[in-house]
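J.: Listed here are the chains, written in short residue letters.
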Amino acid sequence: MNIYFTVVQRDLRLAMRRKAEVLNSVFFFVVVATLFPLAIGPEPAMLRQIGPGVLWVGALLATMLGLSRMFEGDFRDGSLENMLLSPHSLGLMVFGKITAHWVLCGVPLVILAPVLGLQFDLSEEALWMLSLSLLLGTPVLSCVGAIGAALTLGVRGGGILISLLVLPLYVPVLVFGAGAVQALESGVGAQAHVSILLAMLLPALFFSPWACSAGLRIALE
Amino acid sequence: MAIRWFYYAAPQTFYALAALLWPWLAALAAALGIAGLWIGFALAPADAQQGEGYRIIFVHVPVSWMSMLIYLAMAFWSVLGLTFNTRLSGMMTRALAPTGAMFAFLSLWTGALWGKPMWGTWWVWDARLTSELILFFLYLGYMALTSAIDDVRRADRAGALIAIVGAINVPIIYFSVKWWNTLHQGASVSLTRSPSMAQLMLWGMLLMALSFWAYTLAIVCYRVRSLIVERERHTDWVKALPEVSGVKA
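Chains as they are written, first to last, in the working numbering: chain A, 1 to 221; chain B, 1001 to 1249.
Keep in mind the hints are simulated off the structure, nothing from the lab.
Here a beta-carbon is modelled for each residue, glycine too, at the ideal position from N, C-alpha and C.
Any given hint could turn out to be false.
What the hints assert, rightly or not - Cβ-to-Cβ under 10 Å is the rule here; a few derived chain A residues that face chain B:
| id | residue |
| --- | --- |
| 1 | L14 |
| 2 | A15 |
| 3 | V155 |
| 4 | I160 |
| 5 | P168 |
| 6 | P203 |
| 7 | L205 |
| 8 | A219 |
Unchecked claim - Listed next, the stretches of chain B that the computed footprint assigns to chain A, with coverage defined by at least 3 CB atoms under 8 Å from CB atoms of chain A:
| id | region |
| --- | --- |
| 9 | 1138–1145 |
| 10 | 1154–1162 |
Isolated chain A (complex conformation) (with noise of 0.2 Å):
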């Protein structure tokens, strides 16, 4: 398990030292959010309806942003060739890096999120369950994200092959976690949405660091 937070603490800290790159995505996800009402209209009623779906793409294409980057800089100075190697186990450490990069690109859209939903006139139990369903959704993204970035990587044309790979797999994460927010906005409810997010968040967890070890495996070989 040690392995585990040390390969969160060092991702954590190769990123603090760049800053820019993490606040990148971040920008990202506000200047999207910011479109949507210029493109579409500034009436409040349309703006409730489209407000959390909107935001729930926003967080899907910033976390795509920081997949390439996330085994990217391991690969290129052989760091990654020694998690290989070395006697530990790589699920963990692979699990250590899906960790950090959720931290990076996840938290800070959990936190901004509400923030942005008083842009789009969302009320208070909109926005707090548009967190909470950020919160058990974006993990998701992470770990599915993780396969496609140790498949592509150092493919050419990898960027966009990543989305073409990963944003299909994102579409029940995306349709239950707007879903949750549009279920509690209409009165339904967001319990089932909320339960089946958890219930795709914990295969996620327990697979992803499995299959993605073997992308690397293959993509090493």
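Chain A is fixed; fit chain B onto it per the hints.
T.: Below, chain B alone, put in the same frame as chain A:
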């Protein structure tokens, strides 16, 4: 008698087998297809509610079955390829993908053609349609990934992993009808209860499904032969082939 399961796993032996099989399978596909279409368009009666427009079912349903089944077949070959490390498995997966993508596209297209007269719309965002679309994207993603990696072995293995990960999506498609109760009608054919359609319609659909099966097997055999020759071109047996000798590598 011990069955030699892996005899045809060698590209050399499978190459010969595929050469033998594909013309027969292609002929079978044509014969079954003609019979199925004849039943579907000439013999089957018009539907009580949907009139003549329902006849697209004879293409739409088998095509949708195939699009899901081929993805499962890809996942099957991927598991085999990753566990036994056989060369042929990767080639089979690669050969299946374009056909699967074609069937997924056809399923969406014929579905749209059916939806317009019946529901009054080309497209609804219902779970089954949406997951079929996602399946189509999965095929595209698989083909994009495998064609982006130059090293054939790595491409096969990476593709195998993404195919297995994506295979989780196929059961979601199938069960989405039960999970979400939306505009799309329930499954037309069920194994547990008697079918809700006339016997003749069922026959037409089954014949079409078998025809598409035969077509898929034929085209996969054909495509795998090309892949084998391309990848094994450095070997002596490929160089000795009558259809290859004389052609510059």
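J.: So which of the earlier hints does this model not fit?
T.: 1, 2, 7
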